[in-house]
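Visitor: Sequence:
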Amino acid sequence: MNFLHVFLLCFLLISAVFSLEYTEYVNDDCFYKNDFVFDRMRSRPMTGDEMASVHLYLEEMKLYQIEILTLITEFGIGKPRLPCFCSSC
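According to mature numbering (1 follows the signal peptide of the UniProt record, and there is no 0), the residues represented by the sequence shown are -19 to -1, 1 to 70, in order.
Simulated from the structure, these hints should not be mistaken for lab results. Please note: incorrect hints may appear among the correct ones.
As the list claims (entries may be wrong) - Simulated restraints on C-beta separations:
#1 T51 / D30: 30 to 38 Å
#2 D20 / I47: 15 to 23 Å
#3 M22 / L50: 33 to 41 Å
Here a beta-carbon is modelled for each residue, glycine too, at the ideal position from N, C-alpha and C.
Kindly produce the complete structure, drawing on both the sequences and the hints.
Guide: Here you go:
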């Protein structure tokens, strides 16, 4: 795995941890939030297909978060670097 891939996975983890509610920007004027579509100061409930695609996306992101946690655990990314004085470290 290259460094850029690891960095992007860590970025996804951090953004997932700090996001309190789901917001997906579609373009400059339209976005989804809490099962509603907001488009140029108007809102409407999402259709069943839109809700299904968003929930599928969120489920896929959960899988990526598990992989990110594994990377953090295995490679120590984001953990403090401490000096090591033993020869087996």
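Visitor: All hints are to be evaluated individually against the structure, with a verdict given for each.
Guide: Do the hints match the structure? See the list:
Between T51 and D30, the C-beta spacing of about 33 Å keeps the proposed range 30 to 38 Å intact. D20 and I47 have their C-beta atoms about 34 Å apart, which leaves the hinted 15 to 23 Å range violated. The beta-carbon spacing between M22 and L50, approximately 39 Å, falls within the hinted interval of 33 to 41 Å.
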